[in-house]
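Engineer: Here is how the chains run, residue by residue.
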Amino acid sequence: MTEMVGPYAPRVSPLGCGALLFESIEPFGQTAQRRVWHVANQARDWKGIRETVPGMNNLMVVFDPAVAGTEAVIRDVLVAWQQEPPAVETGKLVEIPVVYGGPGGLDLAVVADHAGLDADAVVRLHSQATYTVYFLGAHPGFAYLGGLPEQLHTPRRAEPRLQVLQGTVAIGGMQTGVVAQTSPSGWQLIGTTDERFFDPAAQPPALLAPGDRVRFVPVGIER
Amino acid sequence: MIEILSTGGMSTIQDLGRHGYRSVGLGVGGPLDALAARAGNAMLGNGPTCAFIEVVLFPFRVRFTEECRIAVTGADSRTSIEGRPVWPWWTLTVRAGQEMRLEGPCGGGVGYVCVGGGIDVPAVLGSRSTDLKAAFGGFEGRTLRKGDRLHCLPDSRRAGTARLGGFGVRPPLVGMPKGAAEEQPGATPVRVLPASEWDCFTPEARDSLVTTDWKISPHSNRIGARLEGPVLATERKLELLSHGIVPGVIQVPPSGQPIVMQCDAQTSGGYPKIATVIEADQWRVAQTPPGRSLRFQAVTLQEAQAAWREQCDYLHTIEQASRWAAGTS
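Same order as they appear, the protein sequences are chains A and B. Note that this note's numbering has the first sequence beginning at 2, numbered continuously upward. Note that this note's numbering has the second sequence beginning at 339, numbered continuously upward.
Next comes chain B alone, as it looks inside the complex (with noise of 0.2 angstroms):
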């Protein structure tokens, strides 16, 4: 059992979200990160439906009651066991009655604490993610408090079997050298595809687009990051038929304003989509807290195809190493 000793607010119990339920309204939620997230259950040997925490303020403290396999993941949050530092995208198996605090990223970003096995809540709709919005699923439909104890299901591989000492994987950006968008002082890169409006907007603000340091508002949420910069104006004004929107797809509200849509982003929107953040960079998003900025990069289809099976790769790189730790390869 895990129990919460203390959170900084906001943290939540996610999978990789509810499919199927978007022709009702419902979307998928899921995890903020879903790279930092899978790759954390790959590490573990976790099947694709395991439940994790999803950290997003800090500090973060729980005490484990049972031996437990765990694996932390996401922004470097500095995490400690008992005052031992544990690297960043690291796993281990943490022993009874040990504490476990994560310090939190220094320049802001997002956790995930795995565990072997997954954390044992009621799958509501198919999954285990919680749903702020609907206030279901997950632990309670809520945010986790300080005093909640967690159970996890069985662990496949039994705690103890791994090799001593755990193991490390490369986080993505060390992992991923290609990642074809070049690392830059300030600004995270980030690659777009154009979206179904991206003719209708002017020149000018498809230069902006990919010309400027968009800075993160503090209104951003699990909904939306919401973005900061030049007013992207259409050459005429649009009013669309609402229609099916997917997370990484960016809106541009009359305010000129965009917002590039994240895991709870509603099924379907009404504003005009100048771009789409590929999938293989939605994650970078997601760690990029406000106040710090955004740089687009456009890229053709097929360019963002191959990111993804290059994202891909890097997961499946991860699960033999797990399989290779555990001594069952």
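Looking at chain A on its own, in the form it has when it is part of the complex (with noise of 0.2 angstroms):
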């Protein structure tokens, strides 16, 4: 079903039909993100478009199969994706102060013997780095970061827990991010923060946006 169209086509895959996935073949990083960002901005407007959801260096497009074809939304985006995308300018800069470790932290153990670290270690490398929210995704003004130091990288659970707490810091694979919302997850817990992310009355109703930057600031390590 997926012609090749020049040399960034992506990886495309329907979800039912009325959504498709298109997982970019370009290294993981801002330049491919920027792709991604500039074909959902554009897509959103397209005849039939309902949604455009860009992901970790990937979009999903979801269509009303009755109005927009799937071969022609594939066609459409594939020709989008070769475009270069504008240079975006730097979003605002966030600071969230965390308590890492604790019961709200139960997993910075797991996160440390995964990288031969301590405890201390994990910390300041989670903390001295400054992380760009990619996408918005999983729960309500959940920011997915890039910029994890490759050390702290762990797999997410086998099981998911059925209830993770608001405010919770955590790690899933290369990614990490704050809970946002009383949900289940799989992600390694690494600490807590007071800080809230999403306002139904608010406008918009997420503190985060694409393209903002967002450093975590130590307030104590409990163990």
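If you're looking for bench data, these hints aren't it; they were derived computationally from the structure. Any given hint could turn out to be false.
Unchecked claim - To be clear about the criterion: a stretch of chain B counts as covered by chain A if any three or more of its residues have a C-beta under 8 angstroms from a C-beta of chain A, and this derived list gives those stretches: (1) 362-372; (2) 528-535; (3) 588-602; (4) 630-643.
Built from N, CA and C at the ideal position, the CB exists for glycine as well.
Make one complex out of these two single chains by using the hints.
Structural biologist: Spelled out as structure tokens, the structure:
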């Protein structure tokens, strides 16, 4: 079904007959992500497109199958994917105070063991990096952040926890973020914050937006 | 006005969901069984934004303080008004002061009570759906309780003008006889389309997906139906980048036990996706209670699209019947 168009043609797969997932074949990073944001912004306005949902180095397009044909959506996205994305302005910088470890950061030791480090070194590495908001997803206001130091990359849990509390700072694979609303999660929990990330009465309802930069500020380590 | 006399819990006000906010991580929500909800609204001549009651646990009793046109769809909830039984998938006018009781389906499932004009709750971010996870929308962002009083929006087809006795429509199992998946005793047949990581699963896993009666776990909820059966393994360990998902996607966490995402699914996920339940069959998953089983059948994209068109035609037929019954066609 996928016809290769140009050097950056993403991998395409259907999720039912009203959604398509486009996965970039470019190396994961800001350049590829700018392309994802660019296609998402364009495709949003096409006829029959319901929503465009950027992911980490990928893009989901949700459409009305009665209005937009699968083949046509694929063709148009692949064409847009070849365009040079405009350079984006850097977003706002948001600092997030974090208490690492303790009852809200049960997996700090798991991450430390996996990295072959002690807890202090994990906290130092996690809080010294500046992260970029790649996209929001999973639940309202949750920002997927790029820029996690490679040493801290830790696989997700085999069985997701049924309830992880709002404000939990976590690591999943090569990604990190803060749980914005109490929900199930398979990520490794390393700390907590009091910051609020989503308010349905606010406009926009989410604190963070793609392109923003985030820094974690340690205010304590509990063991 | 509608007064809630008793509820088994987990019943909420919904509409067809909160669209347009996936990119800030807010899922669509809406009804578990969108087909039944849309059919109920169509029977009343309601617009697509009209809110209704989704009944998950029974018995559910309400009293109408004014005349009201209603439609009851979804699982056969053994409904009665003042003790007189009402056929499933039936619409009629309820008189002021009358009490309606939904006893609950014998085998489990979800019921829908739609009213002419729709339930009057404030729209939040463009929808009247209750978001239980974020606790906003619908009726005070929560499930309905005894004593709650619901108002209805003005009914464009004034109560009392409908032809006497109301009318019914064929439930989807009878109304869409071609409904591809062959009905069989025991497991609910559900059609699936292979998804992004289909090829990454072992041949045994792909075979198991479509040859197993997958039991629905009691840990299932509006987010996902968790299934119990053989372990589905990938050829090698995959660590995927997070990506958008939609209701219907079947994720397989490392435990190998698949999860069918439902209406309150997260907007993104990271587990391998073996397949997606096609749009036309998502209501079948929602209407299969924990303890019962699903049997998957793989179809092509063309077959999935044809099934979707068949469902659109079915709803269109109900809209026509409704106009006829109201004397507007």
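Engineer: Against this structure, judge whether each hint is valid.
Structural biologist: Consistency of the hints with the structure:
{"no.": "1", "hint": "362-372", "verdict": "holds (count 4)"}
{"no.": "2", "hint": "528-535", "verdict": "holds (count 3)"}
{"no.": "3", "hint": "588-602", "verdict": "holds (count 3)"}
{"no.": "4", "hint": "630-643", "verdict": "holds (count 3)"}
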